[in-house]
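Visitor: In case you want the letters, here they are:
2 protein chains.
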Amino acid sequence: MITRILPALFAAVSTAAIAQPAPPPVQLPSYVAALRDAALKDDLAWDITEGLTTEVGQRLAGTEAEARARAWAVAKLRSLGFANVRIETFDMPVWVRGAESATIVSPFPQKLVLAALGNSGATPPEGIEAEVVSFDSLDALRAAPDALVRGKIVFVSHAMPRTQDGSGYGEFGAPRRQGPSIASRKGAAAIVIRSIGTDYHRNPHTGVQRFEDGVAPIPAAALSLPDAEQLQRIIKRANGQPVRMRLVLTPRNIGTRQSGNVIAEVPGRDPSLPPILVGGHLDSWDLGTGAIDDASGVAITTAAAKRIMDAGRPLRTIRIVWFGAEEVGLYGGIDYMKRYGGKPHYAVAESDFGADRVWRVKTRLGDARKAEAAALRRALLPLGIVPGAEDEGEGSDITPLVEAGQPVVELSQDGTHYFDLHHTPDDTLDKINPEALRQNVAAWTTMLAVLSGGLEPIRRPRR
Amino acid sequence: MITRILPALFAAVSTAAIAQPAPPPVQLPSYVAALRDAALKDDLAWDITEGLTTEVGQRLAGTEAEARARAWAVAKLRSLGFANVRIETFDMPVWVRGAESATIVSPFPQKLVLAALGNSGATPPEGIEAEVVSFDSLDALRAAPDALVRGKIVFVSHAMPRTQDGSGYGEFGAPRRQGPSIASRKGAAAIVIRSIGTDYHRNPHTGVQRFEDGVAPIPAAALSLPDAEQLQRIIKRANGQPVRMRLVLTPRNIGTRQSGNVIAEVPGRDPSLPPILVGGHLDSWDLGTGAIDDASGVAITTAAAKRIMDAGRPLRTIRIVWFGAEEVGLYGGIDYMKRYGGKPHYAVAESDFGADRVWRVKTRLGDARKAEAAALRRALLPLGIVPGAEDEGEGSDITPLVEAGQPVVELSQDGTHYFDLHHTPDDTLDKINPEALRQNVAAWTTMLAVLSGGLEPIRRPRR
Chain A
1 MITRILPALF
11 AAVSTAAIAQ
21 PAPPPVQLPS
31 YVAALRDAAL
41 KDDLAWDITE
51 GLTTEVGQRL
61 AGTEAEARAR
71 AWAVAKLRSL
81 GFANVRIETF
91 DMPVWVRGAE
101 SATIVSPFPQ
111 KLVLAALGNS
121 GATPPEGIEA
131 EVVSFDSLDA
141 LRAAPDALVR
151 GKIVFVSHAM
161 PRTQDGSGYG
171 EFGAPRRQGP
181 SIASRKGAAA
191 IVIRSIGTDY
201 HRNPHTGVQR
211 FEDGVAPIPA
221 AALSLPDAEQ
231 LQRIIKRANG
241 QPVRMRLVLT
251 PRNIGTRQSG
261 NVIAEVPGRD
271 PSLPPILVGG
281 HLDSWDLGTG
291 AIDDASGVAI
301 TTAAAKRIMD
311 AGRPLRTIRI
321 VWFGAEEVGL
331 YGGIDYMKRY
341 GGKPHYAVAE
351 SDFGADRVWR
361 VKTRLGDARK
371 AEAAALRRAL
381 LPLGIVPGAE
391 DEGEGSDITP
401 LVEAGQPVVE
411 LSQDGTHYFD
421 LHHTPDDTLD
431 KINPEALRQN
441 VAAWTTMLAV
451 LSGGLEPIRR
461 PRR
Chain B
1 MITRILPALF
11 AAVSTAAIAQ
21 PAPPPVQLPS
31 YVAALRDAAL
41 KDDLAWDITE
51 GLTTEVGQRL
61 AGTEAEARAR
71 AWAVAKLRSL
81 GFANVRIETF
91 DMPVWVRGAE
101 SATIVSPFPQ
111 KLVLAALGNS
121 GATPPEGIEA
131 EVVSFDSLDA
141 LRAAPDALVR
151 GKIVFVSHAM
161 PRTQDGSGYG
171 EFGAPRRQGP
181 SIASRKGAAA
191 IVIRSIGTDY
201 HRNPHTGVQR
211 FEDGVAPIPA
221 AALSLPDAEQ
231 LQRIIKRANG
241 QPVRMRLVLT
251 PRNIGTRQSG
261 NVIAEVPGRD
271 PSLPPILVGG
281 HLDSWDLGTG
291 AIDDASGVAI
301 TTAAAKRIMD
311 AGRPLRTIRI
321 VWFGAEEVGL
331 YGGIDYMKRY
341 GGKPHYAVAE
351 SDFGADRVWR
361 VKTRLGDARK
371 AEAAALRRAL
381 LPLGIVPGAE
391 DEGEGSDITP
401 LVEAGQPVVE
411 LSQDGTHYFD
421 LHHTPDDTLD
431 KINPEALRQN
441 VAAWTTMLAV
451 LSGGLEPIRR
461 PRR
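If you read the sequences in order, they're chains A and B. Just so you know, the UniProt record's numbering puts 32 at position 32 of the first sequence, and the rest follows in order with no gaps. Just so you know, the UniProt record's numbering puts 40 at position 40 of the second sequence, and the rest follows in order with no gaps.
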């Protein structure tokens with residue numbers, strides 16, 4: 001996922017709950033529990049995750065790898081028996097990584113490990129050499145006189161704490177999102193930040209940033225946490241001597257390319273009813289194979305939809321979207337919004353926070369559906385999922401829809417370890433716990449069983 | 001550390017214990033416990049480890065970085081007040097890493113992460129492309145007909161288990177040590193192995209291998225575990241289609257260069273008595289900063305010797321050796337053996353198995369010193385160190401001395417997590433637990449306090 005903070009592209013519709021008496025309980029059909037329990041033996045989500053990460057691997061938005069991923073997705077979704085499988089294309093600007101290296105020239109010569117941030121500017125092929133000027137927070141950089149920064153390589157060592165719900169990412173991700181523009185405005189030669197991550201492996205965390213209008217792009221990269229702390233130690237032990245770094249970053253903007261969303265459906269018995277949208281994103285960052293970000297998300301939601309489809313025909317259409325180009329700017333979510341945002345959805349929900357267990361459910365279904373929301377909470381409890389807020393929910397690609405007031409369900413995954421892997425070379429299949437993945441499928445199957453409006457005819461769920 | 005298996009360069013002298021009545025207990029001076037407890041507050045080992053890994057960083061044997069490390073060591077040992085600080089040089093052949101990349105060309109195009117093994121042959125700069133032929137063990141490779149292997153890139157996926165005492169490394173490290181020669185004899189174009197390691201990060205484990213006499217060097221590299229398992233999945237999902245890899249490895253042999261051992265002493269009151277040798281190795285592999293392998297080893301043993309020196313003058317000389325060029329073939333240990341191996345040592349002991357807690361003590365001090373060995377075991381128990389074998393002990397650089405029959409003490413570190421980091425980019429300072437490092441210093445201080453033959457005058461240990 002990229003940041004949850006998005007410019008207010010679309011007007012928000014308030015659906016805040018007003019205090020009301022408790023609704024009468026909704027009786028859940030018996031198949032809900034049966035489908036939930038059967039899903040705990042799911043193998044399809046693993047197969048999709050393994051297949052996409054193995055047969056395609058990394059799939060940076062707008063590249064031929066993402067196009068191969070779309071072809072893979074279409075073939076997979078068709079083979080699973082979904083209807084209306086299609087690609088909806090859109091154009092987008094594409095940035096690709098080049099060479100990247102950082103070397104401390106003096107006083108303690110050594111290499112450091114880093115990775116360019118999305119939309120980073122480039123150095124000449126031979127690199128640049130400059131003195132490092134260090135700040136322990138973005139505020140300290142903001143407050144620095146331009147003269148202190150001009151011509152230097154800015155280093156921001158600001159650290160993000162580990163949280164279960166990822167709530168640090170908005171605030172503590174600021175050095176990545178805003179640091180490059182601030183440094184450029186002050187005349188910096190380049191900026192390197194401590195990775196927005198929580199692990200101590202030599203795998204830097206990339207991620208998107210965008211230079212503000214009128215700001216000249218400068219080289220911008222993230223050091224792995226061990227390297228960021230090494231640079232802090234080098235500066236400390238240099239004891240006032242200048243620390244000089246040679247930085248080589250040669251990414252390129254390769255112009256406008258095509259991306260697209262892959263869409264498939266389980267047709268509802270009543271096509272006039274608003275659909276339920278579930279999905280994740282198909283693209284990944286280029287360093288890992290995008291296993292937890294977000295092959296697992298498309299796999300979980302697709303496996304759940306498949307279980308509903310195999311169990312019977314739902315009243316409402318279930319629409320599965322494997323969004324394109326999420327990581328680099330929510331292009332897929334914005335394209336979907338343009339095409340479908342004006343039409344009502346019964347609910348929108350996205351899985352894009354890894355592959356660890358779902359621990360909480362949040363909803364914003366509106367006052368008229370309080371009983372349904374309560375039934376959903378009850379149905380999820382046997383999976384160890386606790387009730388969360390009843391007036392909010394979020395996702396990444398669905399942000400424009402959520403901001404426009406569409407009803408939303410959020411099945412919150414435990415993110416305690418998410419930022420150990422997020423946007424690093426380490427986002428690979430081996431990091432996924434198959435049992436946790438199955439619990440996710442069970443949660444999503446349960447949600448779809450509750451919200452899809454009754455299945456007919458009911459066949460026994462396959463075990 | 002490199003392998004504990006060394007060609008029998010030196011004749012072994014048997015000192016196997018013969019069953020005897022229990023010796024009368026040795027009364028330990030009271031300062032032993034005081035020194036042990038004070039060492040649990042040690043900061044010097046951390047300072048040395050941090051300093052060496054920060055101010056020098058990686059220090060591949062025979063390179064200018066290792067020379068800088070020797071200069072750093074001499075300055076540090078002199079500033080600590082040790083006597084007879086000196087460098088004893090020797091010449092050695094030097095191999096250095098070049099470019100390295102692996103790309104699956106078909107059927108599922110993607111990059112894999114690997115690192116060349118020591119003494120690997122080189123590909124042309126543009127690389128080679130060949131079909132991958134996979135073996136799940138070294139025996140399977142040995143048994144394969146040459147025709148199956150000729151012109152191909154051999155892949156050995158054999159996995160090493162995690163153990164507390166590192167006992168899997170000898171046996172399970174065989175694909176690294178012997179695989180390249182076996183593959184070359186069969187006409188392979190190159191060999192890639194699953195890293196000899198236990199972690200799942202995209203940081204390959206390098207390590208030395210040596211082509212047997214008369215065997216042509218071929219490119220040889222290790223995939224990280226996630227990449228090795230990815231390659232296994234690619235082969236499985238290719239479903240019989242050939243899997244083709246492009247491999248670029250451009251290491252070079254740069255000829256004979258100088259390395260050296262750095263030696264310092266705490267002079268004993270009786271210089272005619274055999275010294276106690278303690279130490280670790282100064283060189284490191286080039287991918288990390290050599291924090292646990294083996295900055296911590298030289299730091300722990302030096303900090304312990306410093307504590308004895310500050311507490312009083314020992315009867316026997318304590319000789320600290322920071323061995324050079326261990327990783328690439330025990331050159332420092334062999335040089336020391338040539339210079340000093342013919343002279344008796346009171347004990348030899350090395351710290352080269354990481355920085356986790358010492359959990360066991362092994363000794364081979366001979367039958368006449370059973371009471372002393374028992375006293376040492378008693379003195380170490382309060383640190384949670386259990387008694388181990390009384391007729392064996394090992395180290396890396398000290399292997400020639402041990403094989404020649406010199407008395408040895410082994411303070412065994414917990415190696416459960418050692419092979420997560422060993423020889424990878426991830427061997428960095430942040431992996432060291434300061435409390436465990438202090439426990440090591442306490443163990444080594446205790447050992448020196450027991451074996452060094454009485455301190456005069458006793459000053460209160462500094463806290």
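These are calculated hints, taken from the structure and not from any lab test. Beta carbons: idealized from backbone N, C-alpha and C, even for Gly. Treat each hint with caution, since some may be false.
For each label pair, taking beta carbons as the anchor points, the in silico distance ranges come out as [claimed, not checked]:
{"no.": "1", "chain 1": "A", "residue 1": "Glu435", "chain 2": "B", "residue 2": "Pro107", "range": "26 to 32 Å"}
{"no.": "2", "chain 1": "B", "residue 1": "Ser79", "chain 2": "A", "residue 2": "Gly214", "range": "50 to 56 Å"}
{"no.": "3", "chain 1": "B", "residue 1": "Pro382", "chain 2": "A", "residue 2": "Gly98", "range": "54 to 60 Å"}
EDC-like, lysine to aspartate or glutamate: derived pairs with alpha carbons at most 20 Å apart [as the list claims (entries may be wrong)]:
{"no.": "4", "chain 1": "A", "residue 1": "Lys111", "chain 2": "B", "residue 2": "Glu64"}
{"no.": "5", "chain 1": "A", "residue 1": "Lys236", "chain 2": "B", "residue 2": "Glu131"}
{"no.": "6", "chain 1": "B", "residue 1": "Lys431", "chain 2": "A", "residue 2": "Glu64"}
{"no.": "7", "chain 1": "A", "residue 1": "Lys111", "chain 2": "B", "residue 2": "Glu50"}
{"no.": "8", "chain 1": "A", "residue 1": "Lys111", "chain 2": "B", "residue 2": "Glu55"}
{"no.": "9", "chain 1": "A", "residue 1": "Lys338", "chain 2": "B", "residue 2": "Glu212"}
{"no.": "10", "chain 1": "A", "residue 1": "Lys236", "chain 2": "B", "residue 2": "Glu64"}
{"no.": "11", "chain 1": "B", "residue 1": "Lys186", "chain 2": "B", "residue 2": "Glu131"}
{"no.": "12", "chain 1": "B", "residue 1": "Lys236", "chain 2": "A", "residue 2": "Glu50"}
{"no.": "13", "chain 1": "A", "residue 1": "Lys236", "chain 2": "B", "residue 2": "Glu55"}
{"no.": "14", "chain 1": "B", "residue 1": "Lys111", "chain 2": "A", "residue 2": "Glu64"}
Visitor: Does Glu64/B sit within 20 Å of Lys236/A, going by the straight-line distance between their CA atoms?
Guide: Cα-Cα ~24 Å, so violated.
Visitor: Could you grab the alpha-carbon distance between Lys111/B and Glu64/A and see if it respects the 20 Å cut-off?
Guide: 14 Å, holds
Visitor: Verify the proposed pairing of Lys431/B with Glu64/A, using a straight-line Cα cut of 20 Å.
Guide: 39 Å, violated
Visitor: Given a hinted range of 54 to 60 Å, is it respected by the beta-carbon distance of Pro382/B and Gly98/A?
Guide: 57 Å, holds
Visitor: Measuring from beta carbon to beta carbon, are Glu435/A and Pro107/B in 26 to 32 Å?
Guide: Cβ of Glu435/A to Cβ of Pro107/B: about 31 Å, so the range 26 to 32 Å holds.
Visitor: Are Lys111/A and Glu55/B close enough, with their CA atoms no more than 20 Å apart?
Guide: 12 Å, holds
Visitor: With a cut-off of 20 Å on the C-alpha distance, tell me whether Lys236/A and Glu55/B pass.
Guide: Roughly 11 Å between the alpha carbons, so the hint for Lys236/A and Glu55/B holds.
Visitor: Quick check on a hinted range of 50 to 56 Å for Ser79/B and Gly214/A, using CB atoms only.
Guide: Cβ of Ser79/B to Cβ of Gly214/A: about 53 Å, so the range 50 to 56 Å holds.
Visitor: Tell me if the straight-line CA distance from Lys111/A to Glu64/B falls inside 20 Å.
Guide: 14 Å, holds
Visitor: Is the straight-line distance between the alpha-carbon of Lys236/B and that of Glu50/A 20 Å or less?
Guide: Cα-Cα ~12 Å, so holds.
Visitor: Take a quick look at whether Lys111/A and Glu50/B sit within 20 Å of each other, Cα to Cα.
Guide: Between Lys111/A and Glu50/B the Cα gap is close to 16 Å, so the pair holds against 20 Å.
Visitor: Regarding the pair Lys236/A and Glu131/B, is the alpha-carbon distance no greater than 20 Å?
Guide: 50 Å, violated
Violated hints, listed in ascending order, are 5, 6, 9 and 10; each of the other numbered hints is respected by the structure.
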